[in-house]
Amino acid sequence: MDLSTLLERMSTDIASLSWMERLTGGLVATVLAMVIVAVVLILLLFTVNLMTKMLAEKETVKVNEVVTQQVEEVVEEADDKELIAVISSAIAESLGTSTSNIIVRNIIRTNSVDPAWAKAGRIEQMKNIH
Amino acid sequence: MDLSTLLERMSTDIASLSWMERLTGGLVATVLAMVIVAVVLILLLFTVNLMTKMLAEKETVKVNEVVTQQVEEVVEEADDKELIAVISSAIAESLGTSTSNIIVRNIIRTNSVDPAWAKAGRIEQMKNIH
Amino acid sequence: MDLSTLLERMSTDIASLSWMERLTGGLVATVLAMVIVAVVLILLLFTVNLMTKMLAEKETVKVNEVVTQQVEEVVEEADDKELIAVISSAIAESLGTSTSNIIVRNIIRTNSVDPAWAKAGRIEQMKNIH
Amino acid sequence: MGQIIVEFLQNTGFAAMTWQQLVMIIVSCILLYLAIGRGFEPLLLVPIAFGMLLTNLPLAGVMDYPDTSLQFQAIQTQEAAINAQNGLFNARYITNIPGGLIHYLYQGNKLGIFPPLIFLGVGAMTDFGPLIANPKSLLLGAAAQFGIFFTFLGAILLGFDAQAASAIGIIGGADGPTAIFLTTQLKPELLGPIAVAAYSYMALVPIIQPPIMKALTTEKERQIVMKQLRVVSKKEKIVFPILVTILVSLLLPSAATLIGMLMLGNLFKESGVTDRLSKTATNELINIVTIFLGVSVGATAKAEYFLVSETLKIIVLGIVAFGVGTGSGVVLAKVLNKFLKDPINPLMGAAGVSAVPMAARVASKVGQEANPSNFLLMHAMGPNVAGVIGSAVAAGVLLALFG
Amino acid sequence: MGQIIVEFLQNTGFAAMTWQQLVMIIVSCILLYLAIGRGFEPLLLVPIAFGMLLTNLPLAGVMDYPDTSLQFQAIQTQEAAINAQNGLFNARYITNIPGGLIHYLYQGNKLGIFPPLIFLGVGAMTDFGPLIANPKSLLLGAAAQFGIFFTFLGAILLGFDAQAASAIGIIGGADGPTAIFLTTQLKPELLGPIAVAAYSYMALVPIIQPPIMKALTTEKERQIVMKQLRVVSKKEKIVFPILVTILVSLLLPSAATLIGMLMLGNLFKESGVTDRLSKTATNELINIVTIFLGVSVGATAKAEYFLVSETLKIIVLGIVAFGVGTGSGVVLAKVLNKFLKDPINPLMGAAGVSAVPMAARVASKVGQEANPSNFLLMHAMGPNVAGVIGSAVAAGVLLALFG
Amino acid sequence: MGQIIVEFLQNTGFAAMTWQQLVMIIVSCILLYLAIGRGFEPLLLVPIAFGMLLTNLPLAGVMDYPDTSLQFQAIQTQEAAINAQNGLFNARYITNIPGGLIHYLYQGNKLGIFPPLIFLGVGAMTDFGPLIANPKSLLLGAAAQFGIFFTFLGAILLGFDAQAASAIGIIGGADGPTAIFLTTQLKPELLGPIAVAAYSYMALVPIIQPPIMKALTTEKERQIVMKQLRVVSKKEKIVFPILVTILVSLLLPSAATLIGMLMLGNLFKESGVTDRLSKTATNELINIVTIFLGVSVGATAKAEYFLVSETLKIIVLGIVAFGVGTGSGVVLAKVLNKFLKDPINPLMGAAGVSAVPMAARVASKVGQEANPSNFLLMHAMGPNVAGVIGSAVAAGVLLALFG
Ligand code: NA
Ligand code: NA
Ligand code: NA
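In the order they appear, the protein sequences are chains U, R, G, B, H and Y. Using the UniProt record's numbering, the first residue of the first sequence is number 1, and each one after it goes up by one. Using the UniProt record's numbering, the first residue of the second sequence is number 1, and each one after it goes up by one. Using the UniProt record's numbering, the first residue of the third sequence is number 1, and each one after it goes up by one. Using the UniProt record's numbering, the first residue of the fourth sequence is number 1, and each one after it goes up by one. Using the UniProt record's numbering, the first residue of the fifth sequence is number 1, and each one after it goes up by one. Using the UniProt record's numbering, the first residue of the sixth sequence is number 1, and each one after it goes up by one.
One thing to keep in mind: the hints can contain errors.
Claimed, not checked - Taking lysine-lysine pairs in the PhoX-like style, the calculated list, with each CA pair at most 20 Å apart, reads:
| # | chain 1 | residue 1 | chain 2 | residue 2 |
| --- | --- | --- | --- | --- |
| 1 | Y | K302 | U | K53 |
| 2 | U | K53 | Y | K235 |
| 3 | B | K187 | G | K53 |
| 4 | H | K237 | R | K53 |
| 5 | Y | K302 | Y | K313 |
Said to hold, decoys possible - Here are the in silico distance ranges between beta carbons for each label pair:
| # | chain 1 | residue 1 | chain 2 | residue 2 | range |
| --- | --- | --- | --- | --- | --- |
| 6 | Y | P343 | H | Y93 | 53 to 63 Å |
| 7 | Y | Q71 | B | E304 | 14 to 24 Å |
| 8 | G | L43 | B | K227 | 19 to 29 Å |
| 9 | Y | F339 | H | Q10 | 41 to 51 Å |
| 10 | G | V35 | B | E219 | 50 to 60 Å |
| 11 | H | E79 | G | L23 | 24 to 34 Å |
| 12 | Y | I5 | G | L23 | 17 to 27 Å |
Unchecked claim - Among the chain Y residues that face chain G by a calculated CB cut under 10 Å, a handful are:
| # | residue |
| --- | --- |
| 13 | I5 |
| 14 | F8 |
| 15 | Q10 |
| 16 | D64 |
| 17 | V320 |
Just so you know, these hints were derived from the structure itself, not from any lab. C-beta: ideal position from N, C-alpha, C; glycine also.
Chain U on its own, in the form it takes in the complex:
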């Protein structure tokens, strides 16, 4: 019985195989499978190395530009205005002055990608889907 038939019978009719045949078949399958896994991942390793080299050579700022632009579009001014309004009034209250006397000019938001996304709202959605 050749190996190919042996593997076939291991999945269709293992009861008919002797213990020795099972051992042989199991060993063959184990070695074969492990070799294939290793070969696939090693080829992947070479390919990733190749990719890294190729991209490093051609590296430009093009992609980054697109991404940045995307992020900027998402930032909603209305949002910051809300925050500014809240904070101004809080400060005003605590200092005993009226809101209109205080101008919060520039709030730098760190780490704002995710929340901004969530707030981008209907307009942004219509822009993209459909």
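Knowing the structure of chain U, use the given hints to seat chains R, G, B, H and Y with the ligands on it.
Structure of chains R, G, B, H and Y with the ligands alone, referenced to chain U:
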């Protein structure tokens, strides 16, 4: 062959039609379809005009009332309290006083419909679904 | 006709039953069903009472500990930092000083479980699912 | 050309419309008005009414069956021949022309999938704390189901068969998903009127219940003050859903699906370690299912099935069921008071019909009218959530008897 | 052992690949580049391109049919025998070997479920206010559909049958879900090229439309200023979707599903009492459906069906449809101006092809080039959303004629 | 009346319960305790354990098959007669009595739909940066799969057939969705024990792995410091998922579905232009699928299939698979160090079994015990995510050999 049969055969057996028959059928279908689209949208135009007039005559504040009420229910005070707590303590820290000496009385939130919705939480959900 | 057959025929062939038979069958079903509902909920009542007593005896802090730990893990510092940055700069602006001169040391967030959850982000997700 | 135009006009909905369809379209517009203009259960009435509208538009075919075929493979091996003799054929089920959109959405109801998923979300929104703190609430939750069985009897006497009578009675459970679940299992052809009646009466709780409550109680009874509920520990809240699932399912296997999903949702909430799942069950999942369930429930209310004398009977029987349930809850509370040291405010009995949390709010409000300093909401939540369990159990009993 | 390795190598995709598949893999990578690197409709092109990639990987079988059987139950009772004589058999449909993942996802397209769900979400994102304020926009929305029927005629003359010609023409509607819905109903085998063409041209609106707009208008016409739109009341916005559903579905029953879902979504948004459902329709539901729809649409573009001469014809006819639609909208606007007191800026006509809201933005931008102080975006949104209704109506007409 | 009560009692779950079902109910409660009380993988163990509970409640029928019929249409035209002779019949598949809820949810597993959707979400949560920065991690990810095949051999020798042995071996991949996907394709009847074993061992990583890691390494080896990983560019991260999909699917077409969905999710994340889809894939979609998958996986653990001697063997073989995988990763790292200029800390090899990101954290923690100033987490993430790819590839190999 009448037009109805011609249209029928265009979808079941177009290969048997002559080029002239196809042209005729195609033209008929095009004109017919365009007319129907136009008629539907023109009727819609009249209907929308009619709707506008009818609603304008009867316009009351009933619907608005319901909606406003809805929105107000959604606003959660807890939320504002959280903000007030955060801001007070920040201000207190920066001024070197204890939180309990500062009372932030009144934070006006603009544009708060959407976030308030998200925070309305379990109670509001149970109220509506089920 | 015994009651069991009667109930059977009420669902398969009610047209063949006399009005009296329907009344009998209906009454039997009503009483039977109501008794079963009552028995089930009364047994549940006893069981809940039992549960309460058993858990009261063994009550430890184990479960609470786990839960607390869970909640604490969820709190993301980055988040508070963002808030601190925003608030500091707002205060700085309003007082006319530079941000780097103000240190907001300690913001106590109340009621933060839900928003924290939403912000816990990718890392926390990977930790749990998969 | 003229002939084509005539043909086309004959194929418009205007030409094909029956007066029954026109009536149903008007009914659906009234329901939309009640939902949007008056705020009655809009999250369910809007999809239901819109489904009702779509299904009654002539020739639109939104509920049409698909045109399907079976393609058998030729039998060419000995194995295939042996299989064929045992009734096993290689075959593929093919859709030639797709069915209407709502035909597909409706499968979630027909196969009993959507109502338990709604229960999963409801469970994840429900706090059983008041029930655990005061398990006697379960008695009130049981009593309020009497309306279901009383109406069952009435429906039998009016000529409905046992399955139909069960589905009509369950309207008295004041629980939409349970009513839909039981109806699709026992009498799918009545789904339209029963679902519409169930949700309408749930929306009308603040109008239906107070007169009954006041008629059955004295001013003094309504003033009864109840002592504050104890705090329920986290552990109890975690054990409770598991315990209820096991006990109820063992006593009444046919209730396992509804109770199980309700309690799984609650476990997601109370366990404190599955917030992601709890959040999804109470938001996206329940919302998506609500849209699909609502539209397809409404779409079962086709004119030809809806505008029949049965519908009128169902609507009348439904409100009887509702009223009797309210009343029997109140009466049991009064009976219990003869035996209890700490009396129950009998209004709490009315909250047992479920319709969470509306019935509890109504009960608490009527109580406060009698005694403005009496805060009963938490006490009413106990019978209220017990009523959810109670009607699921009642549905299980009816399924076991006539399923 | 050597034999096994040879066998294994023969079973790799490298050994089985055809040059057509290689071409398609390269095409899908180009589409990914356009979507990610250039930002063209990424939310749809990324899933579509990835589906195209997966389906053309040899032997991967992501679209494979399952291996299924029918198991008939033995006929053992008299009732079963009688049923059998009437063609009714107790039987179970069994999956022996599951199909490919995308085979299952694709059912949502094939059965016409996904496109109406996308429309539900689109409706919940759309503001029909500008259309209600200026209903004449509907005329422009009608005119812009002429490209569909013009192309239909061209496709007929190029030898396509009426169903194929309809599906090709609908590309000119500039509306992805409508194109997919009509194609799956009339000519599913062309879904790949038609969907790819429809979404590509929608992405290319800013490049395709301006030259046509400028060629058909004078500088002076483009400078026309339009008076500000009136404020539309909440009530009008609520009544509008109900009215449109009823009127359009009665006139054209085959358009009921698309129009109905679009308007249900809009009602969720405008009613103000179903925010939960509106939010879900515009977020999770549409996102999930978009992923599944996109991947499975892409997966229909198998090399053997895609790389045929018909595809080239479709791509050429598609851009003709698009261009004629743009042009006919502009021309109608110019014709209308001969009759109207307040003239329409003819650029508004180009917005009628839909591709919401890109076409409206392009029209408004071209207008501003001619007159920097002229803000036309709101005016362009009217014909733009009218174009969505218009192409759904056009799809309904084609379905009615050739479905 | 008495007779009815007796009948009813006989139909309770108490009367019908077997001792095996009781054991399973207790097991499910223990799993709930481990999940909730001890925090072991609660997001999956809670649904799994609850599904196990429900499925073992006697007579509850949550996994019941529906009762279905086929209705053949009468053959009345010549065309229909010709079709019939070719085996094509007009017929409709009808559900008489719906199946259990979990029967329907389970179809998502049975048809291989849920695991790839989980992978879509996992991909959108995964950062392949550490792997791209140090591709040698792939070798460790390959080595750690040795446990799978070692256990396969053991299972064969213990008398399992090749399909069962494959499904048992894949437990060593420490990857739930992959284990479920492979098992449903090769040996669905073992899904219960295999899924439970896979998720349990994944939860026990912090207990199982450290002793093995310490036994196979010297204190000095564990102290090895690795140099910081380079920054990976956005472009590399975008190209990587496309590249891996194409390469792996061409080499091993049977791995295309899992790898493809993993990489599509990752592309949603890294492309930066499909945030909506990425967010949905990592939240609502994965949560909904997790609930359905978990409950239905648990429900396959019915007492009669679960409480058999095979289950014990599977549990023992599973931990062997896990341990051997951990060990072979460590050993390969030590072997590699003989050839590399910059040595690898051999603990990194243990992270290759996947169980993302738990195994990486454990490896980094054990490293820090030996050298408190050594931060290895990012280095461990490389082999860790390589292990996900590795076990998907291993599953593909087993499918190709025995599918
Ligand atoms: Na109830
Ligand atoms: Na259009
Ligand atoms: Na792995």
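Checklist entry - Which of the listed hints are broken here? => result When the structure is compared with the hints, numbers 1, 3, 9, 10, 15, 16, 17 turn out to be violated.
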